[in-house]
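In order, the protein sequence lines correspond to chains A and B. One gets the working numbering by counting positions in the first sequence from 1 and adding 818 to each. One gets the working numbering by counting positions in the second sequence from 1 and adding 5 to each.
These are computed hints drawn from the structure, not numbers from a lab. All figures in this text were calculated on a predicted structure; none of them were measured in a lab. Treat the hints with care, as some may be off.
Taking lysine-lysine pairs in the BS3-like style, the calculated list, with each CA pair at most 30 angstroms apart, reads [stated by the list, open to error]:
1) K85/B <-> K1119/A
2) K828/A <-> K125/B
3) K828/A <-> K135/B
4) K85/B <-> K190/B
Residues of chain A clear of chain B, computed beta-carbon distances all greater than 12 angstroms [claimed, not checked]:
5) S887
6) D931
7) G991
8) S1100
So, partial list: chain B residues that the calculated Cβ filter (under 10 angstroms) puts toward chain A [claimed, not checked]:
9) V81
10) R84
11) I86
12) L95
13) L96
14) E103
15) F107
16) E110
Every residue, glycine too, gets a C-beta built ideally from N, C-alpha and C.
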Amino acid sequence: MKKSFQRIVKVGWTNFKRNRYISVGTTGVMVLVLVLFSGLMAVNFLSSQLVANLQEKVDVSAYFKTDISEEEILSVKSELESLNNVKKVEYVSAGQALDEFKERHAGDAVIQDSLAELDFNPLQASLNIKADDSSQFASIVQFLEANKFRSVIDKINFYENEKVIGRLQSISGGIQNWGFIITMLLAVIAVLVTFNTIRLTIYNQRQEIEIMKLVGGSNWHIKAPYLVEGGLYGAFAAAVTVVIFYPAIFLVSSKIELLMPGVSLMSYFLSNMFQFLFLVFSVGVLLGVVSSFVAIRRFLKV
Amino acid sequence: MIELKNVSTIYDDSLMALRGINLKIGQGEFVSLVGPSGAGKSTLLRLLTREISPQEGEVVLDSVDLATLSSGEVPVLRRKIGTVYQDFKLLSNKNAFENVAFALEVCGVDEDQVKDDVPKVLNIVGLSDKVNSFPHQLSGGEKQRLAIARALIHRPRIILADEPTGNLDMVNAHDVVELLMKINKLGTTVILATHNREVVNAIGKRVVTMEKGKIVRDQGDNGKYVI
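Pulled out of the complex, with its shape left as it was, chain A reads as follows (with noise of 0.2 angstroms):
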């Protein structure tokens, strides 16, 4: 067993090295495939970094009465907390909201006269409230309209966001559908062209498997060689990409870095290189074995 083993891979091995030319030529198409799929990884990261940035950028702000107590306000962040679909709340009170405004307007005379003319905070506190998912706002609103809370609270500034949340969902919605539907339509072209170029390689040794049939090899002895050649262009295709890949994400991710600020596709690929590597060589591999199984099956029946 462990025999036929070592002559599968030694005859396997001996094939890629004697027929270089075709060996070259297609590890060269599944290069070029595999690459494009890492491709499709990096921008499936970068689109899913993309909505979650958005998704951060979406929150809804409570505002309470000026006469309501912190301790009641707290106490209804505590109930906002204990909601699963809510993800962070966090309470400003009315001095800092006073702050961050007089901070934001610093350089605005009038705005700075104006406060200074008043003797009261006109400014109220509240919970900004951050959720799992945009989608959940409505409900989140409904919770803290509901008549408990309806006395303590102002406003909530859900509707005059309301359009820009919805705007931003469906962007994000699309992005992840449109994302989906194109990688899924490169991925079957990869493997078309992957299976018609191991399928054309084999079709070249037509002759010699006939031969084989004719001598008495069993379908197993002729096929497994075969299985291992594609196995080794899936190999060394995946090696090949990884070598052109990295510094390619190297080149690429100042730049991204510059359009979308904190997502670095290089530290993404760095830190997931284990994933990245077994990924590119487990597809590379199979894509080279199954296609290689699926073309063989028709020049066995002699």
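Position chain B relative to chain A; hints supplied.
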């Protein structure tokens, strides 16, 4: 051991290649199958390796009707038979050693024995200095001797030779026939399909003559190619 009972074959284009063939060949016989091109000689040989199956009749080898073999049993049948073709049918990306070794490996012979046997057989056919040569580096005669080495290596009980001298000059053709006769002397059944009159007449063994898919003459020992 080989028996064809009322065998007829029809190719896809409804051309009848063999018509009602009845033939018995015993163990250790040397049979020359002669006739013009298209007489059905190759078709008859292809029935024996079950490359094709007859539409009518039975092809029996060692009391087994070949039509009853499953696809998994066909390779086992082919390992009992050594085949030599006019176009050699060598594996172009394997060298001489590997071409011969392949026929042994498919029989499940271990590597040590392969390493032991292959050079011996290459020596018998006079190719011991071409062990590492690829088919494209060999002459026609050498290719055919390599094909014979491959047909011999697993000590088959039957050798089928389909126009083995067709692509060779007189000297090489003579060498190949000599080899086949030597193999036959060791007890292997040889069926030689050819339309080479000189070759057949020189052998002086049983001659079966075919024409238009039928056996028209079956001469015992010292048969001649007569048209």
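- prompt: Hints broken by the structure, by number, lowest first?
  reply: none
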